[in-house]
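Trainee: Spelled out from the first residue to the last, the chains are:
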Amino acid sequence: MKQKLINFFELTGLTWFIPIVRLCTGDDPKEQIGDLSRQIALPLAAMVSFFMIWSYCSTKIKTSVGQLPGPSYVLSQAKAMWATHKSEKFNKEEFKTNEELRISVAELIEQRQKTTSLETKKSLTSKINSIKAVILKHLSQLENEIKVNQAIVDKAEADKKAQVTAMTTQLNSLKKFVFDENNKAVLGPDGKPKLSDESLSKLANINNRRVAVFEGNLVRIYKSSENTAKSLIKKIEKIDTYYQQDIAYQAALNKDELEKKIISNKKKLDAFEKQIFKGKEYNSNGSIVDYIKLSITTVIFGFCLAAGIAIPMGILCGLSPSIMTALNPLIQTFRPVSPLAWVLITIQIIDGIFVGDNALTGEILKNTFLHAGITVALCSMWATLSNTALGVSSVDPDHMNVAKVLKLNWFDRIFKIVIPSAIPYIFTGLRITLGVGWMVLIVAEMMATSRGLGWFIDQEYQNNKVESLANIIVCIFIIGLIGAVLDRIMSVFQKLVSFNDDVAA
Amino acid sequence: MDKNRYLDLSNLSKVYETKKGPFVVLEDFSLQIPESEFVCLIGHSGCGKSTILSMAAGLNDITKGSVAVADKEINGPGPDRGVVFQAPSLLPWLSAYDNVMLGVKKVYPHASAKEKEEIVMHYLHAVGLGGAIEKKPKELSSGMRQRVGIARAFALKPKIMLLDEPLGMLDALTKYELQDLIVKLHAEHKLTTLMVTHDVDEALYLSDRVIMMTNGPKATLGDILINDLPRPRDRQTLLNHPDYYPYREHLISFLEEQEELKKKHA
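Going down the list, the protein sequences come from chains A and B. Counting the first sequence from 1 gives a position; the working numbering is that position plus 2. Counting the second sequence from 1 gives a position; the working numbering is that position plus 994.
Among the clues, some could well be false.
Said to hold, decoys possible - Derived DEER-like restraints, expressed as beta-carbon distance ranges: (1) G1040/B <-> E12/A: 43 to 49 angstroms; (2) S1106/B <-> Q350/A: 47 to 53 angstroms; (3) V291/A <-> K1129/B: 41 to 47 angstroms; (4) T27/A <-> E1253/B: 41 to 47 angstroms.
Calculated directly from the structure, the hints in this document are not laboratory data. C-beta: ideal position from N, C-alpha, C; glycine also.
Modelling step: build the complete structure from the supplied sequences, incorporating the hints.
Mentor: Structure below.
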């Protein structure tokens, strides 16, 4: 058990768990604690100094949009992004609730239009009106939620305001002003002494603090949901009015004289009913979690595509020196091409193929899969291709002798000797491919797609604000972490398939 | 079929084309091995003894001459000649069992799965590997690996067995164990065997005949020792046999003579 755990951690590269396992199983504590502190303390120290240097530099570096965000600012921005993601869920739920109510009303109205029996019409009408009660109940819930969350937001904002005021008073009393050469405080346009740069940045720090992001988002979502629900009620009421009017007209004795009124009333009824029938599509840019999911899906798609092309081609190149000679100039030419060049041509080719009737449908296909995925494949397949070719062409001659002695046929030779012995090389290539692919993906998404991490960074860049800069830094960490995890996963596979202990590092 | 020429190597020559012109490794080497005889080839390194073996295996092109097994001239390698290489040459991604099975499947294509399994298990047990059948080569010691190599060769049911210094890379104790194993297997299967070695004691312990090779280039057959030490052999009684030391002396003096010649030429 112990050895199994240790082997597992060694395989996955989580080596700092090993001393913990050894400690728990009663190995010499002194040695293990030493080991542990070395493995944890050193990286920790490096990380802490990194954050300190970053923190220091951020106060010194001015970007075109303002101060470079420091670690704490970036952290708060990350929290805000998380809050946005969470509120996205509520947004979707609210949308769904409202749509479901609309659909149930629409169904009842449709039934009422079709039936001729007066009895049924009557019961349907009362059903339609009873849905109003459901909506009202939902509205009262919303009202409550809005009240609660608004209170939190108001309080947080008031707190912040109080902090700013307190800080301003404090700074004023400390006389942290800008002085001219006569040692007189320089006055601002409002006639008050100007605060020093240092003091202003302290104030800006409080001003930039985001308060109750999540609750604020919720208030906005619930308010919009409230509007939708209210308008639905209004529509139901209008329909009912015109419907009842219609019945009254139909029952009137002087029906012919009222013809004009009947027609106009009917038109209004139809118009409102049509509005009820019209559905809405959920429209949202998604949140950071959606982008991460999409980016990972895309890179895996591109990676599989790359592997699907590169491994068979690599095997062919490795088996036949003629094919290798033939393809080598092409490979050498295309390999160093920048993803930026590939992505543009890919966009145009894909857009050229899928136009008109062939147009792609579905959010994910439309936005990323082909453009970014194919670019990833084009840029990252070369490592796998050359490694596979190398692995296949450098099969141990002893193993080939075995194949000769056994008189294995061509098929068996390839599938029982050549490919298995090339597998460690292939996996080394695949590991590089996935790493390159992940890097390329971000660029490809910037250029080609309208979702995903790369797209998000580009959007933030266009925003031109300090908080966007912080968002980009958050994304950099996310991208780095995901890249590291993907590489770890590949290295585990690499170790699992290697039969010589020294292949994988 | 002539039982006295079960393995017939006649007038074998091997020439490598080099930049400095043709390089003759082996010249005009002939040897006939009767059925079920165990022959050892002995000589200094570079004397072409491994070349002879790999030509007999069909793994090395024959420049001149021919190799015939049971009156049939060979054409390339094949499973009728089992080969054990100096390095075990096991496929590292297959377990011991699968390494042997690879050959068995080829040689017994029509046997049922159960029969094949029995054959594999039989030979793995025969070489003393019953307990390690599912292990990969990297989990086995070098002696164990060579045992798998031997099992793989024997499982092919070859007509002749070619052993290319199979024990050359092993430590002394493992070597003794595997020599005993080879003696046992030869006693059981009576396979015609040609073995390359540079160990005089090994040659005397295993063989019926020891072929001494002159030094290369242009190496050829130098001398033959008929090793009629009684069988079944075991190491201890063999050492006490009155003929043992004279035979050993014979072999060593031949090798020393060759060494002297080499120095003179150099």
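Trainee: For each hint, tell me whether it holds in the structure or not.
Mentor: Cross-check of the supplied hints:
no.: 1; hint: G1040/B <-> E12/A: 43 to 49 angstroms; verdict: holds, 44 angstroms
no.: 2; hint: S1106/B <-> Q350/A: 47 to 53 angstroms; verdict: violated, 60 angstroms
no.: 3; hint: V291/A <-> K1129/B: 41 to 47 angstroms; verdict: holds, 46 angstroms
no.: 4; hint: T27/A <-> E1253/B: 41 to 47 angstroms; verdict: violated, 59 angstroms
The structure is inconsistent with the numbered hints 2, 4, although it conforms to all the rest.
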